[in-house]
Structures are given as C-alpha cells and as structure tokens.
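Colleague: Listed below are the residues making up each chain.
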Amino acid sequence: MDFAFFLIQLLNGLQYGLLLFLVASGLTLVFGIMGIINLAHGSFYMVGAYLAWSLSSLTGSLTAAILLAIPLTVILGMALERLLFRHLYQRDHLYQVLLTYGLILVFEELRSLIWGDDVHGVAVPALLNASIPLTDNLSYPIYRLAISGVCLLLAAGLYFLIQKTRLGMMIRAGASNRDMVQSLGIDIKLIYTLVFALGIALAAFAGMINAPLSSVFPNMGSQVLIICFVVVVIGGIGSVKGAMAASLMIGLAETFGQVLVPEVAGMIVYVLMAIVLVWRPQGLFGRA
Amino acid sequence: MSEAILRTKGLTKRFGGLVAVSDVSLDLHVGEIHVVIGPNGAGKTTLTNLLSGDLPPTSGEVMFQGRDIAGCSSDHISRLGIGRSYQKTNIFLPFTVFENCRLAAQSRTPNAFRVFHQAGRYPEINRRAEEAMTAAGLDKRAGRIAATLSHGEQRQLEIAMCLATQPRVLLLDEPLAGMGPHESQSMVELIKRLTADHAIMLIEHDMDAVFALAHRLTVMVNGEVLESGTPDAVRSSPAVQLAYLGGEEILHE
Amino acid sequence: MSSRLARFLPWLAVGLLALFPLVESTFYMQLLTKVLIMAIFAMSLDLLVGYTGLVSFGHAAYFGLAGYALALMAPKYETVSLWWSLPAAVGVCALFALITGTLVLRTRGIYFIMVTLAFSQMLFFIFHDTKIGGGSDGIYIYAKPVMKMGDVELFSLEKLQNFYWLVLVLTALVYLLLHRVLGSTFGRALLGIKVNEHRMRALGFPVFRYQLASFTLAGALAGVAGYLAAAQYGFVNPEILSWHQSGAVLMMVILGGMGSLYGSVIGAFAFVLLQEGLSDQAWFGSWAKHWQLAMGIFIMLIALYLPQGLAGLLQKLGRKPAAEVADE
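Residue numbers (my numbering), protein chains in the order written: chain A, 1 to 288; chain B, 1 to 253; chain C, 1 to 328.
If we strip away everything but chain A, and leave its shape as in the complex, we get:
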C-alpha cells in the first residue's frame, strides 16, 4: 500500500470514527445521565437521514434540509421523552429494552409507510462538491473532510458544554444524584428532556450529514445501533471520552479491515469487543 492510499484510508477511518462518535455520544449521554437504554437510538439516525433526503428533494438543497430537519428532530425528541420515556426512569432496564424495541418496529413501519422501502441517494451540497488533490492521480473529497470538521467541532462543543458550563455541571450532578439536584430547586425534568433531545439530535444530525455518503436505506438504523453498542461497551458507559476513543478505534479498524482483510472485516469490531471484555469489562474509561 503506498502512502497516498494509506492516507486516504486513514482519513476515511477517522471520518467514520468521528461520525460514529456523534451517534454514540448521544447514546452514552442518555444512558449515563438518565440511566435509560434506548434501542431506538439508531432509528433517529435513520429519521435524520430520511428527513434530509425528503427535504432536500423538496428544497433542492441539503443544507436547507438539514437546517429544517434539526428543529424537527429536537421537537420529536422532546415529545417522545415527555410522552414515553418519562415513564421508564424508575423501571428495570428490561422494560426499557422492550419498550424501545417496540419503538424500533414502529419507526421502521412508519418509515416504510411514509417514505417507502427503496434506497435513495442524496446529493452533496454544491459548495462542498469538490476534491483536494493528494497525488497525481488521487484526490480526496472535501465533503468528507467537512464532515470530520463538523464532528470535531461538535465534540469540542460537547466537551465545553459538559465540563465548563453551568448547565453541564447540572447535567453531571443530575447523573450522580437526581434527588439532590431536585431539592436544590433545579428542574431535573427539564434537564432530562434537554439531554434526551440533545442525544437524539446528535444521532439524527449524524444521519443527515452522512446521507450523501451512505445513501438512505431501510435498516440503516439497526446497523449503526449495533456498532454504537460496541462503541459504548468498549469506551465505557456514560463516558464521552470513552466514546471518542472507542469510535476512532473502531472507525480505523473497520476501514483498514475492509481493505486488508475484507472477508472477516465485519468481525473485527466484535473481536475488539471480546478483547476489551476480557481485559477491562467496564470499558476503557468506564467506572469499575
């Protein structure tokens, strides 16, 4: 493998990893702070992608579509939290699993009814539809770099929000002691609603920006969900840092795996997970 090719795979791997981080961070936040496992998290990724496709077909521009879709998914998230997830906080994880599994089925069928079962392509925004030359005959799409950039920005924003703002402090406090936070007069219900909406907005946004690369297709939600689970197990539940480390690791492993050992590339992720389970069952950055 020559250097340019290696560079391309490296960039692809990082970009895939960063995208995974976006989705996985939402999942791990919701779990770490609210104690809820949301199997339907992948469905929001799918919803984002399909919204991006249908709105960009309507408006002719992916950027416009994304700007329209984000508030829609936030509202959807807040509504679901209020109507459904709120009932699950004190319940066993088993019932959360069941409820969100039912939700997946509902989402998949609704998608089928609203948007059909075909695969659709989404156009890259004209502004970003170019490539940077790397060598004489290899160039790299700017759009992919743009995705990576946006993901990094969001990651930095997330870090800043959680570590450096008052809201972040309240979120972290709510994670460890819900009752205490409530008795301090802080509206924990509002915080939970916000965190949940943030979590799924991240997933949906990831679906939106990745749509030009992956196309929109049925089952895209399930695919990304399982990988996210592996990310969270490897990184450690509730740890955003862990989600980043694990996402990058998996992104790179999968990307290089697909070019080096394509027959078993699908397995790599699970082998990594098995190794982490043997060595450090709580995840790389998880609390013991």
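I should point out that these hints are in silico values taken from the structure, not numbers from a laboratory. The beta-carbon is built from N, C-alpha and C at its ideal position, and this holds for glycine as well. Be aware that a few hints might be false.
Unchecked claim - To give an idea of the interface, some chain C residues facing chain A are shown, with a C-beta separation under 10 Å as derived from the structure:
hint, residue
1, F57
2, R108
3, I113
4, M122
5, H244
6, M251
7, F298
8, P307
As the list claims (entries may be wrong) - Stretch-level coverage of chain A by chain C, calculated; a stretch enters the list once three of its residues show a Cβ under 8 Å from a Cβ in chain C:
hint, region
9, 223-230
10, 270-282
Knowing the structure of chain A, use the given hints to seat chains B and C on it.
Modeller: Same frame as chain A, now just chains B and C:
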C-alpha cells in the same frame, strides 16, 4: 488469651484522593467481642467491607488463621468462615424467612450443583436453617415473606442468615440499628450467647449495648484508629474525650 | 385454585395437545408445531431472564446456531439420524454458550444486554458474510431427520403428525427438566442470585459458576428449539440469528410472565398467534404487510402496562390473601 483468629495490619483503603481507612490494625479473638465505634463517616463500614471481601484494600494485611486474605473475593472469604451482617438490611425480600435461612445454609453444601434433587429434601440444610432461625428468635416466623416482617425482625433475619453459614468470625455492622428497646435487649443477649464460640467484631452507636458487650473497644475517626484497648482505658483516654465534643457525657454508661 | 388442580393442569394440556392431530387440519397442526417449538425457546430464555436475572438480547444466537448445525450436518439429498444430530446440535450450542458466557458474564445489567446482542450479531455476520452457511441465501434441508433403530425406521418424521408428536414430547420433556432443575438447590441458588446477587456472594456462593451453568443450559435448550425449527421449516438463513428473533423471544417471555415456566408457554402461544393474526391478509388486507407496526405498539403497551405478563395477571385473579405463604 488465645491467638488472634483475624488480624489486620496497616489496612488502608483509598478512593482516588479520599482516604477512607488509614493504617488500621486490630485483631479479633474467639470468645471476645471487639466493638468499633466512631462518628459517621469514620470508615467503620468501609473497614468491615475490607475484612469481608466486599472491597479490596489499597494496602495492608488481613491475616486469617495465619493466611493473608487481603483482596480475596467475598464469597471466598465467606467460605473460609467469616460471616458478615449488613447495616442496611440485605436480605431476600420476596422469599420466606425459612427460605432466606435455608439458602444461607445451602451455601455450605459442597455439592449444591446437584440439579435434580429437590431443594427441600436436604435434612442437614433444613436443620441448620432451623437452628439459625431459632437462635435469632425467628422460629415462629418461618413461613412469613421477608418483605412483610417488621424492621426489627428483618434485622434479626439479617443475623440469622449470617449464623446459618456457621462462621467462626462474625462481622456485625450495626445490628441494633432502628430497633426498639425490647428488641435491642434480645439482640444483645443473642450476641452475648454467641461470644463463646465466635470471634465477634461489632460496629454500634448504641452506647448501652457497646458497654454491655465490649471486651475490647476501638475508636475510629476520619479513617484512623484514635484509640484501642479495654473499654475503661478508652473511656478515660483524653484524646477520645476531646474527639467526642461534650465527650464525657456520651461515654458514660 | 388448589395446588392439586394446578399440578393436574399441565398433564391435561399435554393430553389435549396430543389429541389435536385428530382435528384434520394441516395448517393448524403446523402452526401448533411452531408454537410448541417457540415455547421451548421461550422457556430456555426464561431460565436466564426470569430465574437467574440475566437479560440476554442475543438468545437467537443459539437458536440459529443449532439450525445451521443441522443444515450443515445433513447431507444434501439424504437423511440424517435424529439420534446423533440432535445431541450434536445441542452440544455445539452448549459449547458456544459456555465460551461466550465466560466473556459476557464479566458484565452486568445494561452492558450485558448490549454485549449479548453484539455477540449474536457477530454470529449473524459470520453466516451472512462468509460462505460457511451459504451466505444470505441460506441452506435448504431437504429431508427431515430420521428415527431409525438399525435399518428400521421407527417413526417417519415426514408425516406431519409424527413430527408434531415429537415436538410435543420434547416440549414436555424440556418443561419437566426445567421444573426439576429449578426446584433443586441449584435452581434456588439461581433465584437467589436474581433477587440479591451481592448477598449471595457474601453468603459464599460462587456466583459466576452458577450464572455460567445457567447460561450454558439456556443456550443448549435454545438449541433444541432451533434444531426443531430448522427441521420443520426445511430452510435456514441468517434471519434466524437476527436480533429480531432475540427480541421476539424476549417478548414472549415477558408477555407470558417472567419467572414462570407455564407463563413462557402461554407467552409463546400468544405471541405466535398474534403474529399470525396480524400478518393475515384475509383479516387485514393491505395492512397485513405492516403487521410489525401493530406488533411494535403491542410490545410497547405490554412493557408499560403489563410488566408481570399474562401469568402475573392470572395470579392476581387467583391470589391468596396476606403474607402467610408456606414454602414447599
């Protein structure tokens, strides 16, 4: 005085920057009750957790009959003969009193992996469970679901389960917590009866019980041993009286 | 209801089911066969979820593995003997469960759910992406297994009602086996672990060993179900390992009522019948295609409003008063 059956040396537990237990050395002898007292947060329960295997120590030794068991798992330590009761009642709420004790007694059966012999048909296990229930005064409650017991009865069950495992060493964490005077009296008498055959470490706040039972007394403050010795010596120690504001009143019988 | 009647009921049920082939209906016999196979599958998961407190979202892995084992053992156009192929398939499942169990049992709670899901997905990818199992096309099983003594075929499983009776017998055997096991000291220990794992450890039980044994047994029994399902259907493809399969069986256990063997059987009945009903075009016309919508809503409603399942509902209706419940 017989050889110490359980002895710790320099036992320390750190949680990140917080030192919960610092350099604690104490020993337990069969036939003796060693009471540990101290304000909340002094590290008494953490110390018990270190001895029972619920937590691994950061450093230090725990010698049981001459062997270092520091860092061993709680099930291993239990099988060695060290039994523990919990400050926060830790029973099997949906099961009957008898089943709670039977299960505890079952832990001592070497081939409990037998999958076809029905659980109720082990006379040895049933006998041990009944003895434990009787010792704790719960024999009339055998058929009741544990969740429906009164708080005091649940504390009795807590002890009964510990006894059903036939330990040599008893680590009792505030067995009298939340009990009324009558029940406390029964519990104190039970502990007195157990003394002859067991080495007992008792954590308590109830000063009447403490001075009725203690052969040795250790005072812990901020994770460290402030004073350790006979109850009289500890009571008259100026350091102890200083640590307990208005000290003399609290330590008088 | 009196416990005498309660103990008599399962035998009555088996008796009635055994007589069912007298009703000459191919469709309903096949449906009932499927239901009974799912009952075995559900009981095996209930051992894990309802009795040991381990929520697995990857139980289809063992179900599917046994099916593929049969498909790979059966020579293309010949028959394979039931006597060794069934134990072999179950053995493979038990071995795989033992190995994955040692890994996944290092986790608990939410991690455990995710990790079991991930391992079943791994198996899915192995069969989907490689040539071992014929890829996404799957493998056909052209002939049912045979029950031969020497050269004499005892019982032709190609006959619908014979296959049905075999399944009925195996379902009853699995039920009896689990009933015995759960009443033993081993079974009581599992229940103790489910209720208060921490205290079990403090009492001296080697909890990991118990959990691993339960996990392995559950995997093996799921293998029995998977073998029969593959034999009945005559075809295996990666879908039998999918997490939808894992979700469905978990749903059956909850619907029926966790921690109750007969509940799992009821749950299997209810779920399969519901699924058949919702996807029936005669009833729902063009909506039948989207039966998963109704199923999804149904699952959500059960999770929210009927956590104790149908068995729990039945118990409430026949509840004994107060706290005086003597143990057996």
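Colleague: All the hints need checking, so say for each whether the structure fits it.
Modeller: Hints and how they fare:
1. For F57/C, the interface hint holds, since its Cβ comes within 10 Å of a Cβ in chain A; the closest pair sits about 6 Å apart.
2. At about 9 Å, the closest approach between the beta carbon of R108/C and any beta carbon in chain A falls short of 10 Å, and the interface hint on this residue holds.
3. Using the Cβ-Cβ criterion of 10 Å, the hint placing I113/C at the interface with chain A is satisfied: the shortest such distance is roughly 6 Å.
4. The beta carbon of M122/C is positioned within 10 Å of a beta carbon in chain A (closest approach about 4 Å), and the interface hint is therefore held.
5. At its closest, the beta carbon of H244/C sits 8 Å from a beta carbon of chain A; the interface hint therefore holds under the 10 Å criterion.
6. Of the supplied interface hints, the one on M251/C holds, with its beta-carbon coming within about 7 Å of a beta-carbon of chain A, less than 10 Å.
7. Because the beta carbon of F298/C sits about 7 Å from the nearest beta carbon in chain A, less than 10 Å, this interface hint is met.
8. Hint on P307/C holds. Least Cβ distance to chain A is approximately 6 Å, under the 10 Å limit.
9. Counting residues of the region 223-230 of chain A whose beta carbon lies closer than 8 Å to any beta carbon of chain C gives 3, which reaches the threshold of three, so the coverage claim holds.
10. For the region 270-282 of chain A, the assignment as covered by chain C holds, since 7 residues bring a beta-carbon within under 8 Å of that chain's beta-carbons and 3 suffice.
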